[in-house]
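Undergrad: Sequences listed follow chains A and B, in order. For the record, in the first sequence the residue sitting at position 138 is 138 according to the working numbering, with numbers rising by one throughout. Count along the second sequence from 1, then add 200; that gives the number in the working numbering.
Derived from the structure by calculation, the hints contain no laboratory data. Among the hints, a few may not be true.
As the list claims (entries may be wrong) - The calculated label-pair distances, taken between Cβ atoms and stated as ranges, are:
{"no.": "1", "chain 1": "B", "residue 1": "Thr236", "chain 2": "A", "residue 2": "Met83", "range": "37 to 47 Å"}
{"no.": "2", "chain 1": "A", "residue 1": "Arg192", "chain 2": "B", "residue 2": "Arg351", "range": "39 to 49 Å"}
{"no.": "3", "chain 1": "B", "residue 1": "Arg272", "chain 2": "A", "residue 2": "Phe67", "range": "44 to 54 Å"}
{"no.": "4", "chain 1": "A", "residue 1": "Ser160", "chain 2": "B", "residue 2": "Leu255", "range": "41 to 51 Å"}
{"no.": "5", "chain 1": "B", "residue 1": "Phe260", "chain 2": "A", "residue 2": "Asn106", "range": "29 to 39 Å"}
The model shown is predicted, which means the values in this text are computed figures rather than measured ones. Glycine residues also receive a C-beta, built at the ideal position from the N, C-alpha and C atoms.
Residues per chain, in single letters:
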Amino acid sequence: MENRSKWSVKDVVTTVLLSLMLIVVQFVINMFGMVNNFVSMVLSVGITCLICAPIYFLLVRRVRKRFVSLVYMTLLGLVFLVMGNWYLLPYFMVVGVICEIILWKNGSYDNAKRITVAWTVYSALYIGVNVIPLWVFWDTFENFAASSGMNPEYVQSYISYYSNTGWLIFIFIFTTACGLIGSLIASKMMSRHFEKAGML
Amino acid sequence: MHTVHTHDFAILVKLWVVFCTMSCVFLAGDAHFTWTITIMSFFYIVVQCKWKDLLGFVLFYSLTSLLLILIRRYGFRMLIFSEFHVLVFWLMTSIFIVSWDLITSPPGSVSAFLSRIRAPAGVILGVLVIFRFFPTMKAEFRGLLESMHNRGLMSVRQILLHPVAIIEYILMPMLMRCLQMADQLSVSAISRGIEAPGVRSSYYATGMRLRDYACIATYIAFVSAFLIIGGFR
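I would like the entire structure built from these sequences, with the hints used as guidance.
TA: This is the structure in structure tokens:
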């Protein structure tokens with residue numbers, strides 16, 4: 001029943017802090033993933049989902065309130081909005097609603113399997129960050145790429161990876177698998193570190 | 201600990217400047233023309249007499265400009281940062297400057313402003329946490345790296361041989377610290393009456409002065425000229 005109660009000050013602070021932590025880690029990984037186009041476009045999304053899984057688990061298990069996933073994903077969407085990718089705000093809000101539906105049942109916040117499903121679904125849908133600009137908003141993206149002086153080689157690699165069905169399937173499977181593995185590791189980390197320390 | 205600058209603009213002005221700067225950067229017809237808004241942002245910092253911030257951002261902008269020239273003219277390549285990153289940092293320097301000025305404002309004046317416009321307590325709290333996140337985490341991260349360095353965990357050999365362990369050594373203490381900070385911040389917020397009804401006030405909130413109105417008018421004129429001359433994307 002705990003997840004039906006009102007949000008406290010501590011819940012708001014924890015949600016914002018850990019959501020920002022998630023967003024910062026995602027951006028740092030993406031930045032280091034820019035070593036080359038393959039790592040950046042194929043692997044970095046999966047690596048992000050792998051490393052961020054413990055933070056998401058901690059967020060959900062610590063706050064234990066409905067809409068925590070939605071708040072995090074809305075904040076992520078707002079960051080993309082500020083960076084000019086406005087279309088990712090509604091996208092991440094929809095992803096947040098899907099995660100909320102998965103975690104809606106009472107007791108979900110103690111159920112590692114449900115949180116694993118939520119994060120794995122999020123990971124599978126996270127590739128939308130790269131795919132949506134190409135599929136739905138190509139003109140907007142192309143204009144941005146051209147006006148910001150983006151390297152044409154980079155744009156060409158982007159198209160080759162994200163318009164090839166084989167690569168798309170590989171990226172989808174890799175990212176989803178990373179999200180799943182990250183969730184399994186996160187689940188163990190929660191009991192090994194945070195439960196032992198009495199923080200959950 | 202915040203230094204109270206008497207030259208600080210009001211929060212409303214700072215928000216307006218952030219909005220105007222973002223509009224210029226994201227709507228500019230020619231992205232390279234954004235150097236003008238960066239210069240404008242330097243003046244904005246100068247007017248507030250924030251010399252330390254000015255020095256840091258001038259160095260940052262000079263470095264990204266130099267890298268951009270080296271990349272474009274001499275084909276310079278780096279291991280981590282791509283040309284795209286350097287360009288994005290160069291383009292967004294003005295946003296970094298005005299955002300940093302906003303987020304380093306005294307929390308009291310931010311909460312007083314939000315309270316005046318009747319923002320819900322949850323929103324006020326969330327915004328304050330966002331504003332304090334980066335300066336606080338920067339200090340925490342620096343402490344963590346020093347601690348790891350003292351234990352010999354930051355050697356290149358260690359990082360290359362045990363990357364997963366290094367991630368865990370960084371991630372776990374940071375998360376633990378985040379939770380402790382959440383507890384401390386929530387206790388602090390409650391003891392300062394965040395849940396109390398009524399409009400909050402602040403010692404730092406000075407209200408709108410003539411210089412604030414002048415800043416708003418200057419930015420309106422600048423953005424209009426920028427978009428009319430430079431064109432829209």
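Undergrad: Indicate, hint by hint, whether the structure satisfies it.
TA: How the hints compare with the structure:
A hinted range of 37 to 47 Å for the beta carbons of Thr236 (chain B) and Met83 (chain A) is inconsistent with their spacing of about 21 Å. At about 20 Å, the CB distance of Arg192 (chain A) to Arg351 (chain B) disagrees with the hint of 39 to 49 Å. Distance hint check for Arg272 (chain B) and Phe67 (chain A): the Cβ-Cβ separation is about 47 Å, which falls inside the suggested range of 44 to 54 Å. Judged by the Cβ atoms, the range 41 to 51 Å given for Ser160 (chain A) and Leu255 (chain B) holds: they are separated by roughly 44 Å.
In this structure the supplied range 29 to 39 Å is violated for Phe260 (chain B) paired with Asn106 (chain A), their Cβ-Cβ distance being about 50 Å.
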